[in-house]
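Please model the entire structure based on the sequences and the hints provided.
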Amino acid sequence: MSAFYALLKRDILLSLREGGTIGIALGFNLIVVSILPLGLGPDMNLLNQIAPGALWVTLLLSLLLSLDRIFLNDYEEGTLELMVHGPLPLEMVGVAKALAHWLTVGVPLSLMTPVMGLLMNLSPEQFGILTLAALIGTPALSFIGAIGAALTLGLKRGGLLLPLLILPFFIPTLIFGVSATTGFLFASGNFESSLALLAAITLSAIALAPFPIAWALRFNLS
Amino acid sequence: MPLIIKKLSLRRGSRLLIKDLSISLDKGQSLLLTGPNGVGKTTLIRAIAGFIPPHSGHITYLSTPQPEPDFENHNGAPPPEPELIHYIGHKNGLRTSLTVLENLEFWQGFYGTASSNTETNTAETALKVVMKTFSLTTLMDIPAGYLSAGQKRRLGLARLLLSKRPLWLLDEPTVSLDRLSAELLAKTAEEHLKQGGILIAATHIPLGIPFTKEIELSPNYEPAYADQI
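As you go down the protein sequences, you meet chains A and B in turn. FYI, numbering that gives the first Met the number 0 numbers position 117 of the first sequence as 116, with every residue one higher than the one before it. FYI, numbering that gives the first Met the number 0 numbers position 46 of the second sequence as 45, with every residue one higher than the one before it.
Please keep in mind that the hints were generated in silico from the structure rather than gathered at the bench. Any given hint could turn out to be false.
Derived BS3-like pairs (lysine-lysine); straight-line CA-CA distance at most 30 Å [unchecked claim]:
| id | chain 1 | residue 1 | chain 2 | residue 2 |
| --- | --- | --- | --- | --- |
| 1 | B | K212 | B | K5 |
| 2 | B | K18 | B | K212 |
| 3 | A | K155 | B | K90 |
| 4 | B | K127 | B | K212 |
| 5 | B | K90 | A | K8 |
| 6 | B | K26 | B | K212 |
| 7 | B | K26 | B | K131 |
| 8 | A | K8 | B | K127 |
| 9 | B | K163 | A | K8 |
| 10 | B | K212 | B | K193 |
| 11 | B | K131 | A | K8 |
Okay, here's the thing in structure tokens:
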């Protein structure tokens, strides 16, 4: 396990030090949510209505921007192929790197949701569910996204292919994330069951994604 | 013979680079690969490192003395375990925003040698020794991105000493090293061989150590599949 922690620690340290990934994801999220009300006009009710969907879509897109960083730098600098000779199976290397991505991008994005909620005219007592749903849903995005990041490693313009490949697989998280949030905000429908399904998607992603990740890494390293 | 390569053929794309290569290396023996560019030295080393599956034939490593394995039976001749191998490729495997010390600390932690050091040496002193061996001590707080090409190479090579492994695969290890650093490498390699390790190196520049065996690869333009002709 010490290898796992060493890798996790290093990846978190690297993304804090290199900074760009987190900055771009958070900045993009903030900018999109800020200009949305300007584009929609001064209808406060409308803003309130579309808030859950709009917030989740921007969350997805901002997270997408940072996905290619999970493996690309390590692949280009030759670190990834050396990790093959470590004591950690490649599957666990994938888990450590996806987890580090979630901790450095998913968690900050989730914790930013109250600010976004404010911009979308939600009241403070509604912020809790936004953050909770985002925290439960985003690990799935990091783990599914890591599959795409591993698959597109060897491609020159992989950054463009990655969203096309991966966005369709984000749809379940989007649907249940939005329905949990809407269910709570407008007391329509059962939000607990949506949250439970959101958690189920996240858990299945964590359990299943390491295998395709390792397969794609092996393929790209040969 | 711990390392046995038997009738190994390797292909890159549809071209057969290496054909029917057989060689075995005993503990403490070393092999030098020479030949013109593009002849398949890197491919051979990467195949032994486990990155490229053989087109045909076997690469196997026996950690305990035992009779010649049964090459017909697939389970009889397992490829070398990844954890026995140190591979030095064209890239140094550094992260440029981490300092020299942080890079080494990561590999020490990753290889799991930080906690399992049974000697009185703590992980910290082990790192100090490694840095001293490759004269990196004065550079330890500098981000790897600011190092010169030769210093980066030394940092990459320092990984060899962070975890004790019997099989060293060095692909052009002396690239951009100055003479003093090349001598450091030669000394490290000699020490490795003396302790019963195996070393395979591909290089154009003499490494400064006597090699037990040498293979001069020559270009092979045969297609990999018979129906391609």
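Hints and how they fare:
1. B:K212 with B:K5: Satisfied, since the Cα-Cα distance of roughly 16 Å is no more than 30 Å.
2. B:K18 with B:K212: holds (18 Å)
3. A:K155 with B:K90: Between K155 of chain A and K90 of chain B the Cα gap is close to 18 Å, so the pair holds against 30 Å.
4. B:K127 with B:K212: It is violated: about 34 Å lies between the C-alpha atoms, which goes past 30 Å.
5. B:K90 with A:K8: Holds, because 23 Å separates the two Cα atoms, which is no more than 30 Å.
6. B:K26 with B:K212: Given pair K26 of chain B, K212 of chain B holds - Cα atoms ~13 Å apart, limit 30 Å.
7. B:K26 with B:K131: holds (27 Å)
8. A:K8 with B:K127: It holds: about 21 Å lies between the C-alpha atoms, which stays within 30 Å.
9. B:K163 with A:K8: holds (23 Å)
10. B:K212 with B:K193: The hint holds at about 16 Å.
11. B:K131 with A:K8: holds (25 Å)
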